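Novice: Everything in the sequence shown is counted per full-length UniProt numbering, starting at 1 for the first residue and increasing by one.
Accuracy of the hints is not assured; some may be wrong.
[Unchecked claim] Straight-line alpha carbon distances no greater than 25 Å define the calculated DSS-like cross-link-like pairs of lysine-lysine that follow:
hint, residue 1, residue 2
1, 200, 73
2, 73, 122
3, 292, 268
4, 28, 247
5, 157, 172
6, 268, 74
7, 122, 200
8, 74, 122
9, 74, 172
10, 172, 73
11, 172, 28
12, 268, 286
13, 73, 28
14, 247, 268
15, 74, 28
[Stated by the list, open to error] The calculated label-pair distances, taken between Cβ atoms and stated as ranges, are:
hint, residue 1, residue 2, range
16, 113, 37, 15 to 25 Å
17, 193, 318, 24 to 34 Å
18, 138, 50, 31 to 41 Å
19, 71, 283, 42 to 52 Å
In short, the hints are calculated from the structure, not lab data. Keep in mind it's a predicted model, so treat the numbers as computed, not measured. We put the CB at the ideal spot given by N, CA and C, even for glycine.
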Amino acid sequence: FVYSTMPIIFKSPYPDVSIPEDAAIWNKLEQHARENGDMAAFVCGMSERSLSFAQVLEMAQFLVAGLLASGIKKGDVVVLHSFNCLEYPVVFLALNRLGAVCSPSSPLFNSEELADQMRSAKASAVISHVAFAEVAVQASALTGVSLERVFTLGHPKGASGLQTIEALMALKLPLPALPAMNPHDVVLLPFSSGTTGRPKGVELTARAMYACGARVAALERDAAYMLAVLPFFHIAATMIFHVTIFKRITTIVLPRFEPGSFLRAVEKYRLDTVNVVPPIVQFLAKHPLVDKFDLSAINRLGSGAAPLGHELVQAIRSRFGVPVLQSYGMTELAGTATHSSETVFRDGAVGQLLPNTELRVRCLDTDV
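Model the full assembly from the supplied sequences, consistent with the hints where possible.
Specialist: Structural data, given as structure tokens:
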């Protein structure tokens, strides 16, 4: 046999999508606020409270001005410590526009774990949901971050002395004249899953996040709604709200996976596609509670973050008669790198490369 030492590069079968020079998801938000401002951008799946694209933009602009007045500046790393809520994307987008770096953390972290991320990220501020304010205060004490730079989403009970994001927005300060966003600036510092040791911070630029949203959006079918039940601090869920902003889709936000509220949201909004992870696939395949809800609108499940076994794929097909389309991605890729469709997929496979994507298989021993 003759073996070639030339690298083999696999290319996406899909045409490239155009990534503009000023690529930033903020620009898409401005476009939709201008053209379809009254359309709901985010809806709480629990309370049904909603924010339109125009409201999201206005709130984010007020927050940019409020954070600047509070001393947060371009280049500062700000840890965002919250479960999913309507204000989460607002904070994320405001930090983007300000030029700060958002470092999302798990709301399940204790103070030591949060402090570890703050140290590693070199964070100078933290924005925490009020439910976890005490953890944020303790972590800030461990890392030397002043309480003046600890902000809460929601109002703490009692006289905590912490500034709230709501109070900053209520000031309604005018948006300062900021320079245009640099697409090559780092805007996101998520931490990897730690499969090769401790979790590590991954620097992602505005262009990288825009590009992932654009590549997925090019292949994602049009829809009225998309469900966000996966935690926003995970890159897969961060990617979801980039895709929904990109495609002008209403995002149904759930704070966490809870069987009843999850099933009610799928039923109420007649969701065509539901993006989940293997434990939720197992729940859908086997739990008796599922039979109490009308999930007939589902035409496909998307699954990622971990491999899915053949047994569960077949169980979903038997129960719902729909395919489970798997994808592969990683934090370092700003989300997913592959895409499966109903017409081109194989059980157990993760699909084909997204547009603008190339892949090379390398041997670690020979570098070939």
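Novice: All the hints need checking, so say for each whether the structure fits it.
Specialist: Now the hints, each set against the structure:
no., hint, in the structure
1, 200 with 73, "24 Å, holds"
2, 73 with 122, "14 Å, holds"
3, 292 with 268, "13 Å, holds"
4, 28 with 247, "9 Å, holds"
5, 157 with 172, "24 Å, holds"
6, 268 with 74, "41 Å, violated"
7, 122 with 200, "13 Å, holds"
8, 74 with 122, "14 Å, holds"
9, 74 with 172, "20 Å, holds"
10, 172 with 73, "18 Å, holds"
11, 172 with 28, "23 Å, holds"
12, 268 with 286, "21 Å, holds"
13, 73 with 28, "23 Å, holds"
14, 247 with 268, "21 Å, holds"
15, 74 with 28, "21 Å, holds"
16, 113 with 37: 15 to 25 Å, "40 Å, violated"
17, 193 with 318: 24 to 34 Å, "31 Å, holds"
18, 138 with 50: 31 to 41 Å, "34 Å, holds"
19, 71 with 283: 42 to 52 Å, "45 Å, holds"
The structure is inconsistent with the numbered hints 6, 16, although it conforms to all the rest.
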